[in-house]
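Here the protein sequences line up with chains V and S, keeping their order. Once you know that position 37 of the first sequence is 36 in numbering that gives the first Met the number 0, the rest is easy, because the numbers rise by one and skip nothing. Once you know that position 388 of the second sequence is 387 in numbering that gives the first Met the number 0, the rest is easy, because the numbers rise by one and skip nothing.
Hints listed in this document are in silico derivations from the structure and should not be mistaken for laboratory results. Remember, predicted model here, so these are calculated numbers, not experimental data. Any given hint might turn out to be false.
[As the list claims (entries may be wrong)] Each computed DSSO-like pair below joins lysine-lysine, with the alpha-carbon atoms no more than 27 Å apart: (1) LYS64(V) - LYS43(V); (2) LYS255(S) - LYS43(V); (3) LYS7(S) - LYS44(S); (4) LYS287(S) - LYS7(S); (5) LYS7(S) - LYS24(S); (6) LYS170(S) - LYS64(V); (7) LYS242(S) - LYS17(S); (8) LYS240(S) - LYS7(S); (9) LYS64(V) - LYS44(S).
[Claimed, not checked] Chain S regions said to be covered by chain V (calculated; three or more residues, Cβ under 8 Å): (10) 137 to 144; (11) 150 to 159; (12) 177 to 191.
C-beta: ideal position from N, C-alpha, C; glycine also.
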Amino acid sequence: MPDTSPRPVPAPDPLTQPFWDATAAHRLEIQRCAACGYYNHPPKRLCDQCTSPDLGYAEVSGRGKVYSFTVMRQTSIAGFEDKVPYTTMLVELEEQPQLLLAATVPGAGDGIAINQPVELWWEPIEDGFVLPQFRPIA
Amino acid sequence: MTWASRGKTAVVGIGTSKISRKAEKPLGLLALDACRAALEDAGVKPEEVDGLVTYPDQPFLGAGNRDGEDLVTVNFLIDHGGLAKDIKWYSQISSGMIPSAFIEGVHALASGTCNYVLVWRAMHLPQGTYGAWRSNRAGGDTQFTAPFGAANPFQWHGLAYQRYMDTYGAKREHMATLVTNSRRNANLNEAAYFYSQPMSFEDYMNARMISDPLSLFDCDIPVEGCIALLLTTGDRATGLKQKPAYIAGFGQQATKRPSLTTYTMDDHMICGGSTTSKIWEMSGLGPKDIGAAQLYDGFSPSTYYWLEAAGFCGRGEAWQFVQDGRIALEGELPVNTFGGSLSEGRLHGMGHLAEAVRQVTGRAGPRQVVDCHASIALDGSPMLRNAGILFTSEP
Ligand SMILES: [Zn+2]
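Using the sequences and the hints, build the whole thing.
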């Protein structure tokens, strides 16, 4: 099993570019509706809540909790073959219910619990992208 | 209000191709096998078929799209089916699983557009690791997941199931009851991929983990094959070879979801209920009237979610409901009496429809449920675009 597949890097488009520009500067910004204040993630052309096209980006706290987690055992994702087992978390940001971001935690999920608080950290990857990552805190 | 066309259309024929991991012939020929078998089953001549409908979508993005090989579209059946010279009506849908295609066929018949409609679902099993992510660029919504090592559907289902277990206290040993029950039923179904392989509680508990808490046996078994159903109007249905399975009602999920990329367990009651509440209202029936339930199990927890969303038990109670023989063939609510996708094979819910038809027409052989006058088939995961059909033995 080759362990050198390139890891997938984001392919930004006009809708998502501000998100990656912000993370490169270590700021977490989520698309937010100017009309109703709803956070849309992944970003949308029209607000999920009110259908307004008037959408910008707003910085969020980066505070949140573990919504759920799963331990990945399969080597079926390029660039992650040599990382299994690792844990995929969904983090719910404190700004809004079900405002969920994916995160990666090494290992088989030991010590991770649903609703546990998380902290944000920054992971630089290929091509100058910086991923917003989260780890559970006690 | 009960649906005005209740009992005015029916399934009159079932055809199944060989179901295997690697078919000896192209998918198009498997589809023709299934369609011809459905016609023969009903005693209807191919040239009498004047309506066609399918949901041909591939199991994942990036699968091939050669007609007759990777998928089987309406065009393939028009060209190669040997059916009516000039098909009166066809439709090919792209959302809502195979019951949504089936529903289109019901509409065509109920409106008098055509006389006989073939509905089929053909599934190809591409080479290589199923659903693997091989690209080093993640565009669209996947740019927020794939760079984090999250790109397989079983991860979304693992996340939802973990939260379900944590919220309601379910454990893997509870799921063992459901999964081994399906296997026992498949052992009575000659067409099932796992027909001759039993599964014990220990087999389930010792299964290799895929995306905890999901193990290998919580994932359906990908296969190649096709099932076809022949539909007609209620008045034509009574003069044919088989007892008709009448369509009493149907439903499609049409609720707004925050996002399709994150599969959150919290949506299952609303999204599943969007489908089942319509079915109960159209048919005038309810959970207590159902003799056997065919509940989608692409991943085993989906069956829990359906039990709750449809009202067979309360929210968070399915893991207890499935215990004590309640879902066995002789139980209060037999579930996935043919083995489900977990043990018959993944035909994206078409197996569930065919089994519901068999159960209400007394054609389920050794797995026939006694006095089964109504059977519901609910296809797709409750949180995604799903749909279902309710069949009855009488119009
Ligand atoms: Zn808005």
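Now the hints, each set against the structure:
| no. | hint | result |
| --- | --- | --- |
| 1 | LYS64(V) - LYS43(V) | 24 Å, holds |
| 2 | LYS255(S) - LYS43(V) | 14 Å, holds |
| 3 | LYS7(S) - LYS44(S) | 21 Å, holds |
| 4 | LYS287(S) - LYS7(S) | 23 Å, holds |
| 5 | LYS7(S) - LYS24(S) | 37 Å, violated |
| 6 | LYS170(S) - LYS64(V) | 23 Å, holds |
| 7 | LYS242(S) - LYS17(S) | 24 Å, holds |
| 8 | LYS240(S) - LYS7(S) | 18 Å, holds |
| 9 | LYS64(V) - LYS44(S) | 61 Å, violated |
| 10 | 137 to 144 | holds (count 8) |
| 11 | 150 to 159 | holds (count 7) |
| 12 | 177 to 191 | violated (count 0) |
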